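Visitor: Chain order of the listed sequences is X and D. Under the working numbering, think of the first position of the first sequence as 2, with each following residue one higher. Under the working numbering, think of the first position of the second sequence as 2, with each following residue one higher.
Hint data in this document are derived by calculation from the structure and do not stem from the laboratory. Because the structure is a prediction, the values reported are computed rather than measured.
Computed footprint of chain X on chain D, listed as stretches where at least three residues anywhere in the stretch have a Cβ under 8 angstroms from a Cβ of chain X:
(1) 107 to 116
(2) 204 to 213
(3) 242 to 255
(4) 424 to 437
(5) 454 to 461
Anything over 12 angstroms on all C-beta distances counts as not near chain D; from chain X, calculated:
(6) Pro11
(7) Gly16
(8) Gln26
(9) Glu40
(10) Glu61
(11) Ser74
(12) Asn132
(13) His134
(14) Ala274
(15) Ser276
(16) Gly314
(17) Thr319
(18) Glu324
(19) Tyr336
(20) Ala365
(21) Lys401
Quick reminder that beta carbons are idealized off the backbone N, C-alpha and C, glycines included.
2 protein chains.
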Amino acid sequence: MALKDLRAVPRNEEGIAAVCGILKQRFGERFHLSGSVREQHGHTTTYIPNQIPDGVVFPESVGEVQDIVRACSEFRVPIIPFGTGTSLEGHVNAPGGGISVDTSRMNRILGVNSEDLDCVVEPGVTREQLNTHLRDSGLFFPIDPGANASLGGMAATRASGTNAVRYGTMRENVLALTAVMPDGRAISTASRARKSSAGYDLTRLLVGSEGTLGLITSLTLRLAGIPQAISGGVCAFPSVEAACKAVIMTIQMGIPVARIELVNQLQMKAMIAYSKLNYPESPCLFVEFHGSESGVAEQAETFGEIASEVGGGPFLWTSVAEERNELWKARHNAYWAAQSLRPGSKALSTDVCVPISRLAQCIAETEEDIKRSGLIAPIVGHVGDGNFHVLVLMNPDDFKEIEEAEEFVGRLNERAISMEGTCTGEHGIGQGKIAYLRRELGEAVDFMLSLKAVIDPHNIMNPGKIF
Amino acid sequence: MALKDLRAVPRNEEGIAAVCGILKQRFGERFHLSGSVREQHGHTTTYIPNQIPDGVVFPESVGEVQDIVRACSEFRVPIIPFGTGTSLEGHVNAPGGGISVDTSRMNRILGVNSEDLDCVVEPGVTREQLNTHLRDSGLFFPIDPGANASLGGMAATRASGTNAVRYGTMRENVLALTAVMPDGRAISTASRARKSSAGYDLTRLLVGSEGTLGLITSLTLRLAGIPQAISGGVCAFPSVEAACKAVIMTIQMGIPVARIELVNQLQMKAMIAYSKLNYPESPCLFVEFHGSESGVAEQAETFGEIASEVGGGPFLWTSVAEERNELWKARHNAYWAAQSLRPGSKALSTDVCVPISRLAQCIAETEEDIKRSGLIAPIVGHVGDGNFHVLVLMNPDDFKEIEEAEEFVGRLNERAISMEGTCTGEHGIGQGKIAYLRRELGEAVDFMLSLKAVIDPHNIMNPGKIF
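Let the hints inform the model, and build the full structure from the sequences given.
Guide: Next up, the structure:
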C-alpha cells in the first residue's frame, strides 16, 4: 500500500532550477513558486502524505502547454498534470519535485454539436460547468464521479461513478483527445466520428494513463439526452446478499437502470445520522431510472417486484425532482457522513471491482474482515458494475492504524483479484496501488512499461505513478 | 488506394524455410504447404490481389500459438493471423510471405457467466456459433458485421455492423483479451470486472490492431439479454437528406433504436430485383427496436411520426419474427444484390464514417461524385453511427476501372476526413487505406509506429498492414 510503496523519484535540482527560471520568464504571474500554492497542488484527498511540486504553472493554450513540456523535456524535469486535485490515489503528488501543470485556466467549452450528441472541451472544464452550459440544449454529460472534477482529470484516471451502469465510464464516453506528448508534439488521437477502425486506439491508451504518457489538451465527449422523466427511490434489504441478488435480477431482465447504489448497514447508520434520514438501518439500494414517463414508472414497479421477491422492500420511489435530489444529496454526502462516524479521523477511500456474480461474497468477506480487524470502515458501491468503495476511518497520526489499514486494503485487493476482479474500478493506480497492478495483470505490466518507455523515454510525465 | 499502396515487405527465404521445417515437425498434418490451402488463406474479399503465405498452421492451444510465434520470432518470419478471411482491406494477405495462423481449431466456448452477462471464448469461435450456443441462456452477442466472422478477427479489426448504434462496437464489447505477443509471451490484458482503472488499456490497444501487435488467444465478451420483443420495418423517404434528418431526430429523442440502416435508391433497386421485394425505389431506412412489447410498439409509432414529419413514410412495421427475418435477409444480402447490378463484376467495398450532422451532405456529395465518374456504386449505411459503405462494381481485369475506383475511394476518404470523420468506420486500414491513416491522424501515426516498434521490434506480426 501507499506508504510502503511510494516510489522514490530522484530529484534533478539543476534541471528544476533551470525550468523554474524559464517558466518564470515565460509565464510571469501565471507561474507560482509560493509555498501555499505548491502545497495545494501536492494535496491528496487521502492519507497519502503530500509531496509538493517545485512550481505551479497555469497555461491557457496548447502552445503554452507545449512550451512547458519542451522546457521540462530539455531539462528532464517531472511534469505533474493537475485538474481539481480530487483524485484519491496520490496522482497529483510530486515525489521527485517538478512542475505542476494546473489546467484550470484551460476551461473553455470549444463547441457543442447537438445533432451529433457530442462536445469539445478543454481539460480544465469541470463536470458541473459543462452540465450547466448544456442545460438549455436538452443534453447532459452523464459521468458523475461525485466530486466536481475536471474532465481532463476524469479522462486521465478513467473515472466513472454512479451513472456508469447505464452510460459507461470515461473509456466509453471520450470520443477523441488532443494531447501534448512528452517530446512536445501536439497530437489528435481520433476524428469526431462515433466509431472508427483507423489505426491503434490512442484515445483509449491516454484515457486512464494518469498523466504518464501525455498531457490532455482537449476532449471530444459523447453527450446523452436529458431523459424526459426520472424516477428513483430507496429500498432496504435484509442482507447485502439479497440486495446483490436484486441487482443481478434487474440487470438480467434488461431493465436499463441508470444508477443502482448499495449502501451497507454501517454507512446507512452514518447517513441517517448525518442527513437526518427516515430510513431503516439495514443495507439499502439507491436506484434511479431514466426514460419516458410511463417507462420509468414501469421500471420502478418492476424493480419493486424484484426487491420483494428477494425479501426486500417496500420500494418507495418518486419522480418528483426535489424529493429525488434530496435522496441523492444524501448519497453524494456519503463520504462526509462516513467521516462523522469518527470525528477527527481521515478516510482512506479505496475501491475494487468484481464480476457482479461474486459481489455479494466479496462484500460479505470484506465486512467480516473489517469486523475482525476492529476497523471502522463503511461500504458504498456502484453495484450495477460490481464496483464498491470502502472508507477506512483512521487516525492519520497513528502509524499502527495506518499500517493496519494498509494491510486491510492489501487483503481487499487480493480478494477482488482472486475473484476475477480488479484492484481499482475507478480510482486508478496512482501511488497507492502500484504493488497490486502486477499482482493483477502479471507480465502485461511489462508491455505497459515498454509503452511508457518508448513514448516518455526520460520519464518526465508524472513519474512515480502506476509503475 | 490498395494497388498503389500495397507496402512491399522483403522476403526472408532462409528464415521461411527454417520455420516451415520446424512447424512441419511440430504440427504434422496441421501444417499445410499445399497451394490450395495457402491460396485460400491469402484470399481477400475484395479486389486487392491475393498474396499467399508460405504455410498455414492450425494451432489448438495457447501453448501451440506460443511455439509458432517463438519459431517465427527466432527466424524473423511474418505471422499473419487468420479467422474466417472475411476482412475487406487485405488483412490476411502475406506481402512478404510467412505463416498464416488459422485459428479455426481454437473454437471452444470456455465459459458463459450468465449472471455477469459475459462469456470467454477462443478466437476461432464465430459470431453465429456463439449465438447458437447462447440461445437457451436468454443472452446474445449483439455485434453483427454481416459475415459470420470469427470473434478474434472481429476484435482485431474493431468490427461492428448493424447493431452498433445500440450495443456498441467490438471496442465497447471486449472486456478482456489474452494474447501471445511477438516475443512469445502470453499475457492477459484485464480482469473480468465490468470496469477497471488499473493501468494502460491494453485491451483497447489490441482491439483494432489488425494482428500487428499480438495474436489474440481468447476474448472475454459482454453479452446482452435477448430482448423480450422486437419490432422492425422499412420506411421510404423522398431523399437521403430526409432520411438522415429522421435518423438525427430519432437519436436526439433518445429512442434506443437497435438498428437503423440506410439503403440508397440504387441499392434499393438492386435489392428489390434480387430479393423480390415490394418496396418503392427510393431511399429507405430499415429500422429495428428492442425492448418490452409495449416499448417496441411505442418506439415504432414514434419513429413513424418522425418519418412523416420529414416527408417520409408510411412506416410499415411488424413484431412478427418471420416477417422481420425476411426483411433483414434482404438487407444482409445487400452485397450480393449489389453485385447483380453488374454480373461478372467484383465489388470494392469501402466504408467511411462521419459525424451524423454531416452525413446527408457526405452521402449527397458522394452520390454526385459517383454520377460524374460513371461508376456503378450503390450505398448502404449504418447511419445511426454516421457510417456508410459504397460498393463499387468493377471489372477486376480492367486496370483503368480499378484506377478510377481507387481515385473515387481517395476522394471519398478525403471528403469524410474533411467533415471531421474517419476513412474507416469498421473495415480497418489493412492494406487498402494505409495512405489515408496519416492524412486523418497526422503525427499521431508516429506514436502508433513507436508502439509497434517497441512491441514488435522485428516487425513479424502481420507486416505491411496499417502502416
